[in-house]
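Enquirer: Sequence:
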Amino acid sequence: MRAVVIGSGIGGLLTASFLAKNGHDVTVLEKAPYIGGRFTNLDYKGFGLSTGAFHMLPHGEDGPLAHLLRLLNADVRIVNSDPKGMIFYEGKTFHYREGWKYLSFTEKAKATKLLLDIKRGKLPVDDPEMSGREWIREKIGNNEFADLFIKSFLGWADSVLDVPAGELAREIKAALRWGGPGLVKGGCRSIPEALSSIILGNGGRIITRKRAFEIDVEEKKVITADGDDLNYDVLISNVGIKETVELIGRDNFDREYLKRVDSLRPSEGIKYNVALKGGPRIGNTVVFTLDTERINGYNEPSSLSPELAKEGYTLIMLHHALQSRNVKAEQKKGIEDIHRIFPNLDEEGEILLIQTYLDGNPVNRVASGQ
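Convert by adding 26 to the 1-based position in the sequence shown; the result is the number in the working numbering.
Because the hints were derived from the structure by calculation, they are not lab data.
C-beta atoms are modelled at their ideal positions from N, C-alpha and C, and glycine is treated no differently.
Do not take every clue at face value.
[To be verified] Derived pair list, reagent style DSSO-like, types lysine-lysine, alpha-carbon separation capped at 27 Å:
| # | residue 1 | residue 2 |
| --- | --- | --- |
| 1 | K303 | K118 |
| 2 | K57 | K47 |
| 3 | K199 | K127 |
| 4 | K165 | K134 |
| 5 | K134 | K110 |
| 6 | K247 | K57 |
| 7 | K268 | K57 |
| 8 | K110 | K139 |
| 9 | K354 | K71 |
| 10 | K71 | K358 |
| 11 | K148 | K199 |
| 12 | K165 | K127 |
| 13 | K127 | K110 |
| 14 | K236 | K47 |
| 15 | K57 | K236 |
| 16 | K145 | K199 |
| 17 | K165 | K139 |
| 18 | K358 | K303 |
[Claimed, not checked] The calculated label-pair distances, taken between Cβ atoms and stated as ranges, are:
| # | residue 1 | residue 2 | range |
| --- | --- | --- | --- |
| 19 | I233 | G117 | 48 to 54 Å |
| 20 | I274 | R231 | 20 to 26 Å |
| 21 | D280 | H121 | 48 to 54 Å |
| 22 | R307 | N257 | 51 to 57 Å |
| 23 | V243 | L98 | 28 to 34 Å |
| 24 | D88 | E244 | 41 to 47 Å |
| 25 | R103 | E244 | 41 to 47 Å |
| 26 | D252 | L98 | 29 to 35 Å |
| 27 | K148 | R351 | 34 to 40 Å |
| 28 | T234 | G72 | 20 to 26 Å |
| 29 | I233 | H121 | 46 to 52 Å |
| 30 | L98 | T234 | 19 to 25 Å |
| 31 | Y283 | H121 | 46 to 52 Å |
| 32 | K354 | L141 | 36 to 42 Å |
When you get a sec, could you build the whole thing from the sequences and use the hints?
Expert: Spelled out as structure tokens, the structure:
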């Protein structure tokens with residue numbers, strides 16, 4: 027069977043790897059000069075920065091992606107965060123378990139019951155009118171700490187005001203089932219490198235600088251921007267739903283489907299890459315930042331993979347959801363937060379690069395809850 031995969035992001039490479047290992051004729055097309063999409067590393071001033079908005083796996087070595095990598099026997103090492111998370115609140119950074127002290131006895135009881143209900147599958151009925159924030163307030167009470175934590179928890183990918191209660195509950199359930207995040211040894215690029223090795227080792231092809239221009243579903247072929255035709259029996263597109271519809275042609279879809287596709291919106295955000303002098307500051311964990319105006323959290327990729335930082339430095343990555351289209355104003359508020367988190371930044375390091383993810387290069391092509 028001939029399979030053509032458009033896009034060499036993690037989804038495309040995973041699919042191509044399974045197909046190649048099962049003996050199929052696989053060709054991966056990638057318009058960029060490198061593979062990995064938004065989950066690889068690029069060298070910048072001696073640091074290994076990530077192309078995407080994150081440099082972590084949401085559920086570490088116990089999650090769905092790690093499971094698929096094990097099925098492929100991919101040469102990838104994922105290390106779970108320890109502790110699973112930390113919290114920056116009132117100017118202090120502490121273990122996430124210490125957060126319980128900010129809840130009253132009644133609030134603790136309500137929060138415990140809520141977590142047990144979620145773990146047992148008692149999720150709220152999907153109500154697009156109820157946000158995750160409203161639902162938490164209804165279940166626990168109007169507690170500032172809980173409210174800020176949920177805002178930070180969701181802000182890694184979206185705004186708490188935009189995420190429906192049902193989606194928030196599902197995300198909490200996933201965290202309870204698979205645990206906290208983890209880092210990839212060697213950086214993000216370790217995963218696309220391992221997957222490309224599997225594809226090539228099983229006779230597959232990966233062609234970079236090759237942009238798909240059109241998909242002819244009648245003739246079952248992909249036409250590239252430089253005029254090549256690639257015939258397929260099975261086609262996999264890893265370039266996004268809207269982008270795939272455009273490649274196939276809107277005339278090939280019914281009106282209701284197009285209406286649904288057109289209504290999808292991406293999650294957008296900004297990432298700040300910070301270099302700090304000295305050794306690791308927090309280690310392999312994630313910090314949820316509560317008393318900040320924009321920054322939702324940060325981690326330290328070089329704590330597990332020192333080669334990602336220049337000698338004598340450690341690499342910190344901070345992120346927040348984009349709350350307005352005024353990118354300059356958003357970045358200004360993010361920078362102010364960074365100086366609040368690291369008050370000695372001017373003496374101890376610098377902001378290396380600010381990466382904004384929106385429009386054609388978002389955090390996620392479809393925001394949570396859609």
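Enquirer: Tell me, in ascending order, the numbers of any earlier hints that this structure violates.
Expert: As far as the earlier hints go, not one is violated by this structure.
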